[in-house]
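Participant: Here are the chains, one letter per residue:
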Amino acid sequence: MLRRTTSSRKPILIVGGAAALLLFACGPYFMNGYNIFQLTMLMSYAIALLGIVVLTGYCGQFSLGQGAFFGFGAYVAAVLIGKASLHYLLVLPVAAAASFVVGALVSLPAIRLKGIYLALTTFGLAVAFPQLLKHPGLEAVTGGVLGLTVSLPQPPEFLGVTQDHWLFLVSLVTTVIAFAVTAGLLRGRVGRAFIAISDNPTASVAMGVSLQHYKMLAFAFSSMLTGVAGAISALAVRYVAPDSFSMFLSVTLLVGAVVGGVKSVWGVIFGALFMLYVPNIANQISEAAPWAVYGAALILVVTFIPDGIASLFDRFIGRRRNAAAEPTGVYAPSGVK
Amino acid sequence: MGEFLNQVLAGVANGGIYASLALALVMIYQATQHINFAQGEMATLSTFGAWFLFDAGMPYWVVFALTVFGSFIMGALVERLVVKPVGTASPFAFIAVTVGLLMIANSASHWVGGGDIREFPSPFPGWLGSRYLSAHETGTILVTMIVLVALLTFLKRTPFGLAMRAAAQNPVSSGFVGIRVGLMLTIGWGISAAIGAIAGMMVAPIAFLEPNMMGSILLYAFAGALLGGINNPTGAVIGSFAVGIFENLLGVYVTGSELKLTSALCLIVILLILRPSGLFGKAAVSRV
Amino acid sequence: MLTVRDLGVRFGGIVALKSVSFDVPRGEICGVIGPNGAGKTTFFNCLSRLNPIPADSIRFDGVSLHEVDPSKIAGLGIGRTFQNLALFGSLTVLENVMLGGHHRARSSWMADSLRLPSSRREEERFREEAWELAGIVGLQDNADQKVSDLPFGFQKRVELARALAARPKLLLLDEPAAGLIHDEVEALGQLVRDVRQRFDLTVLMVEHNMGFIMKLCEHVVVFNFGEKIADGDPASLQTNEAVLEAYLGAPQ
Numbered sequence: 001m002l003r004r005t006t007s008s009r010k011p012i013l014i015v016g017g018a019a020a021l022l023l024f025a026c027g028p029y030f031m032n033g034y035n036i037f038q039l040t041m042l043m044s045y046a047i048a049l050l051g052i053v054v055l056t057g058y059c060g061q062f063s064l065g066q067g068a069f070f071g072f073g074a075y076v077a078a079v080l081i082g083k084a085s086l087h088y089l090l091v092l093p094v095a096a097a098a099s100f101v102v103g104a105l106v107s108l109p110a111i112r113l114k115g116i117y118l119a120l121t122t123f124g125l126a127v128a129f130p131q132l133l134k135h136p137g138l139e140a141v142t143g144g145v146l147g148l149t150v151s152l153p154q155p156p157e158f159l160g161v162t163q164d165h166w167l168f169l170v171s172l173v174t175t176v177i178a179f180a181v182t183a184g185l186l187r188g189r190v191g192r193a194f195i196a197i198s199d200n201p202t203a204s205v206a207m208g209v210s211l212q213h214y215k216m217l218a219f220a221f222s223s224m225l226t227g228v229a230g231a232i233s234a235l236a237v238r239y240v241a242p243d244s245f246s247m248f249l250s251v252t253l254l255v256g257a258v259v260g261g262v263k264s265v266w267g268v269i270f271g272a273l274f275m276l277y278v279p280n281i282a283n284q285i286s287e288a289a290p291w292a293v294y295g296a297a298l299i300l301v302v303t304f305i306p307d308g309i310a311s312l313f314d315r316f317i318g319r320r321r322n323a324a325a326e327p328t329g330v331y332a333p334s335g336v337k
Numbered sequence: 338m339g340e341f342l343n344q345v346l347a348g349v350a351n352g353g354i355y356a357s358l359a360l361a362l363v364m365i366y367q368a369t370q371h372i373n374f375a376q377g378e379m380a381t382l383s384t385f386g387a388w389f390l391f392d393a394g395m396p397y398w399v400v401f402a403l404t405v406f407g408s409f410i411m412g413a414l415v416e417r418l419v420v421k422p423v424g425t426a427s428p429f430a431f432i433a434v435t436v437g438l439l440m441i442a443n444s445a446s447h448w449v450g451g452g453d454i455r456e457f458p459s460p461f462p463g464w465l466g467s468r469y470l471s472a473h474e475t476g477t478i479l480v481t482m483i484v485l486v487a488l489l490t491f492l493k494r495t496p497f498g499l500a501m502r503a504a505a506q507n508p509v510s511s512g513f514v515g516i517r518v519g520l521m522l523t524i525g526w527g528i529s530a531a532i533g534a535i536a537g538m539m540v541a542p543i544a545f546l547e548p549n550m551m552g553s554i555l556l557y558a559f560a561g562a563l564l565g566g567i568n569n570p571t572g573a574v575i576g577s578f579a580v581g582i583f584e585n586l587l588g589v590y591v592t593g594s595e596l597k598l599t600s601a602l603c604l605i606v607i608l609l610i611l612r613p614s615g616l617f618g619k620a621a622v623s624r625v
Numbered sequence: 626m627l628t629v630r631d632l633g634v635r636f637g638g639i640v641a642l643k644s645v646s647f648d649v650p651r652g653e654i655c656g657v658i659g660p661n662g663a664g665k666t667t668f669f670n671c672l673s674r675l676n677p678i679p680a681d682s683i684r685f686d687g688v689s690l691h692e693v694d695p696s697k698i699a700g701l702g703i704g705r706t707f708q709n710l711a712l713f714g715s716l717t718v719l720e721n722v723m724l725g726g727h728h729r730a731r732s733s734w735m736a737d738s739l740r741l742p743s744s745r746r747e748e749e750r751f752r753e754e755a756w757e758l759a760g761i762v763g764l765q766d767n768a769d770q771k772v773s774d775l776p777f778g779f780q781k782r783v784e785l786a787r788a789l790a791a792r793p794k795l796l797l798l799d800e801p802a803a804g805l806i807h808d809e810v811e812a813l814g815q816l817v818r819d820v821r822q823r824f825d826l827t828v829l830m831v832e833h834n835m836g837f838i839m840k841l842c843e844h845v846v847v848f849n850f851g852e853k854i855a856d857g858d859p860a861s862l863q864t865n866e867a868v869l870e871a872y873l874g875a876p877q
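Chains E, X and U are the protein sequences, given in the same order.
Each residue of the first sequence is one higher than the one before, counting from 1 in our numbering.
Each residue of the second sequence is one higher than the one before, counting from 338 in our numbering.
Each residue of the third sequence is one higher than the one before, counting from 626 in our numbering.
Just chain E, same shape as in the assembly (with noise of 0.2 Å):
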């Protein structure tokens, strides 16, 4: 399950895998407004952490600031559908359009800098991004400090389902591609390439992997998935406004990936769950709690479970790799087995 570059053929994964994926879509089907609006909100939040894994835990580049990027393709999502009047269909893949440029701008100087000031330039990202949306200059476009609403698409007739439910099917559809798309590209050369920059990034280069590319590819594609995924929370909570994407979004992305499994791309769903539910329940015990749990949470993940609750999976499953075979001698001859 962890930073796997080939693809699984196991039979069982792939059934199991569908019948939940048709079991999660029958859902709103038995459920109730708000709590089809939580699911959207959890496929929102598993691509948001898609981004994370792509960029941290395949190609090693520490980022604090994705909320910057989430914001971004909320943003974009409500001044298109506000100001533009952009039909919902196609704000999503223009958020992601965008977000992927953004992204790629901003790698520009990021790839130039290395773990700590690498880890400073994103925070300072994630804290100055709600600034710039509050600031007089940019109001006509953002709404300035009180934020954007944003109407919640009518669904077609012919369906017949309410409009958090479309939304939902929207989303969903949205989030299998994301996924698809996601594993495609880290399941081949690129994925190897990204996880070699990680390892060793001087032997990556002398076998001819550009670091450039590679990371600037990383940054623009883990922000689009992060700007797809704000988009959808847009459209899902009808709002948008500078406080809702501060440092501290980028902080608990950071706790879902890690929770979930920083470099596993099916852990995210780990990760997505515990953002949507643990908040609820540390709000009982105390309204300063959260943040406590979140805190907590995260030290004792990445000291008891460094690699997220999906390394427990791999271990269940059996995905163990082989103990060390014996060598066959010293060098053969050349010729193939």
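Among the clues, some could well be false.
Stated by the list, open to error - Here are some of the chain E residues that sit facing chain X, going by a computed Cβ distance under 8 Å:
| hint | residue |
| --- | --- |
| 1 | 117 |
| 2 | 131 |
| 3 | 135 |
| 4 | 138 |
| 5 | 251 |
| 6 | 254 |
Stated by the list, open to error - Coverage of chain E stretches by chain U, computed from C-beta distances (three or more under 8 Å per stretch; other residues unrestricted):
| hint | segment |
| --- | --- |
| 7 | 15–27 |
| 8 | 204–214 |
Said to hold, decoys possible - With a straight-line Cα cutoff of 27 Å, these simulated DSSO-like cross-link-like pairs (lysine-lysine) come out:
| hint | chain 1 | residue 1 | chain 2 | residue 2 |
| --- | --- | --- | --- | --- |
| 9 | E | 114 | X | 421 |
| 10 | E | 114 | U | 697 |
| 11 | U | 771 | E | 114 |
| 12 | U | 794 | U | 697 |
Keep in mind the hints are simulated off the structure, nothing from the lab.
Backbone N, C-alpha and C fix where the C-beta goes; we use that ideal spot for every residue, glycine too.
With chain E fixed as given, assemble chains X and U onto it according to the hints.
Facilitator: This is chains X and U only, laid out in the frame that chain E set:
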């Protein structure tokens, strides 16, 4: 001209505050080769502790001493209980743990302090003030300088400081020559927390004591420390003053106060790209 | 194949290489020897463009390396192994070797993402090639193991297979025999000869193991203190005064 000087000195005043926290960041880096994202929040917590001691009626310098000492203990305990179990895992794990501590400390400050904004006393006598800098601002700069000198002396001139730096840069070899690496790390955290407490007590009279007091100050202190070269206490202080001046001048003359933080960050990013090890830092060359 | 003229490298105040000049003809196995600190690995790093070099100081296959970006070196046909091993620890043997062939792949990231047939075919082809190379170095049974789990000797073999996956014209080996026992060294020598023939390679190798160098190399270059002090066939070097002095010290 007078106005410009005013703004520069206002920036210097801010810089003094950033510098005090930056020293804590440099200390933790010298001791552990890592950055502690929770430094600011821990400092806030310490300052709340001080406030309650004041509330109980104790005189300033007694509170000061107790807070510094108590923070040392807090830092050491945090290292033993939270940081040590993570082990020498990836740098990512370390950053994640300090971010977790940030959240816990911030929560704790909210719980202890509620939403109120409190006043915090300043120990500096009025005659320290001048036309450009208030008494407290001058006093802060003085205190920061004293801490800087103490830190430099400790790190560069004492065997203990040397052992601490050795333990950070090469734990395995240090262990072989008899340095108790674990103890060095614990003490390093303790000292950083103590410096952070001093920073908190310098900041609070100006920024007023509330749970999010150190939020953006951490960022500026970070920037200052990196700008000056994270390995270099003197550089960090100079860098912090530079950040304070830049931020203020940019805010007044160029972008307006809403974008101060953003513009300061842009500037720092540009500088880091041009000089990746900071203005005074030394580039590390790795052998392949 | 490789032409070096007046190559000089400084790191701050330290002169790592001074005015080094020699040629390596095509198809040769050439050894680079010298005491520690002589500049051998620095020289290799120049070929990999990890250091800045003076203009026109290195020509490979007619191309000047001066302006070439490090990530383009593999594409020019230079492959290498590293002295202290530079494997991708979390990848498997097969994945490491497949990555060696990275610069030869043609499909774009979008084609990969959408799993287009052309992309899948190319991936399959690389996997088969990597499997073959794993066979050549005797690691097919370990193909799906994480390289960080493997013992040092196996890791060295992975490095070699990975370097070969780039289909280089010039193969740089940085201390390939270090840490190997006698039998393994013998087999390594045979393997180097085999791959040279099979893949039509030129080999340039840094080594300390004298017996290995003398048996294997047709041409040997000797460095000392950053300068080339001798250049010729192995036999003639054994009586070369400068070489003896470098290794054994001047006669008293």
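Participant: Determine for every hint whether it applies to the structure shown.
Facilitator: The hints, checked one at a time:
Of the supplied interface hints, the one on residue 117 (chain E) holds, with its beta-carbon coming within about 6 Å of a beta-carbon of chain X, less than 8 Å. Annotation: residue 131 (chain E) was flagged as interfacial toward chain X, and the flag holds, the nearest CB pair being 6 Å apart, inside 8 Å. Interface restraint check for residue 135 (chain E): the shortest CB-CB distance to chain X comes to about 5 Å, inside 8 Å, so the restraint holds. Taken as an interface hint, residue 138 (chain E) does not check out: its beta carbon lies about 10 Å from the nearest beta carbon of chain X, beyond 8 Å.
Because the beta carbon of residue 251 (chain E) sits about 6 Å from the nearest beta carbon in chain X, less than 8 Å, this interface hint is met. A hinted interface residue such as residue 254 (chain E) counts as satisfied when its beta carbon comes closer than 8 Å to some beta carbon of chain X; here the least separation is about 7 Å, so the hint holds. A count of 0 residues in the segment 15–27 of chain E with a Cβ less than 8 Å from any Cβ of chain U is obtained; the coverage claim is therefore unmet, three being the minimum. Closer than 8 Å: that is the beta-carbon criterion, and the segment 204–214 of chain E has 8 residues meeting it against chain U, so the requirement of 3 holds.
The straight-line distance between the Cα atoms of residue 114 (chain E) and residue 421 (chain X) is roughly 24 Å, inside the 27 Å bound, and the hint therefore holds. Distance check on the hinted pair: residue 114 (chain E) and residue 697 (chain U) sit about 22 Å apart at the alpha-carbon level, within 27 Å; holds. With a C-alpha separation of about 26 Å, the suggested pairing of residue 771 (chain U) with residue 114 (chain E) holds against the 27 Å cut-off. The suggested pairing of residue 794 (chain U) with residue 697 (chain U) holds, with an alpha-carbon distance near 14 Å, which does not exceed 27 Å.
Comparing the model with each earlier hint shows violations of hints 4, 7; every other hint is respected.
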